[in-house]
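Starting from the given sequences, assemble the full structure and let the hints guide the process.
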Amino acid sequence: SVKARRQVFAEANHRCSFVHPESGIACNSIYQLQVDHIIAFIEGGSDKVSNLRVLCGIHNRSRACS
Numbered sequence: 013s014v015k016a017r018r019q020v021f022a023e024a025n026h027r028c029s030f031v032h033p034e035s036g037i038a039c040n041s042i043y044q045l046q047v048d049h050i051i052a053f054i055e056g057g058s059d060k061v062s063n064l065r066v067l068c069g070i071h072n073r074s075r076a077c078s
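13 is the number of the first residue of the sequence shown in this note's numbering; add one for each residue after it.
Be aware that one or more of the hints could be misleading.
[Said to hold, decoys possible] Quick list of simulated restraints, FRET-style, between CB atoms: (1) Ser13 x Ser35: 17 to 23 Å; (2) Ser58 x Ser35: 26 to 32 Å; (3) Gly36 x Asp59: 24 to 30 Å.
What the hints contain is simulated information worked out from the structure, not anything from laboratory work. Glycine included, each C-beta is placed from N, C-alpha and C at the ideal position.
What follows is the structure, encoded as C-alpha cells:
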C-alpha cells in the first residue's frame, strides 16, 4: 500500500538500507530507491512493513540475481 511504502521510506531515511555482510559498510545511496520484500512475495512473504525495506536499484537487482 502507499501508506506502507511511505512508512518504509521514512524509517530508512530515504536511503538504501543494504549493509555489506562482510565489511558492515552501509550503502546509504539516495538514487533509484525501490521497496524490496525481505522474503519474496512469491515465496510467501507479505506486504507488511516488517517484510519491506528500501534498496537502491543496484542492490535490489543484485539480490534478485543471487
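Hints, one by one, checked against the model:
{"no.": "1", "hint": "Ser13 x Ser35: 17 to 23 Å", "verdict": "violated (34 Å)"}
{"no.": "2", "hint": "Ser58 x Ser35: 26 to 32 Å", "verdict": "holds (30 Å)"}
{"no.": "3", "hint": "Gly36 x Asp59: 24 to 30 Å", "verdict": "holds (29 Å)"}
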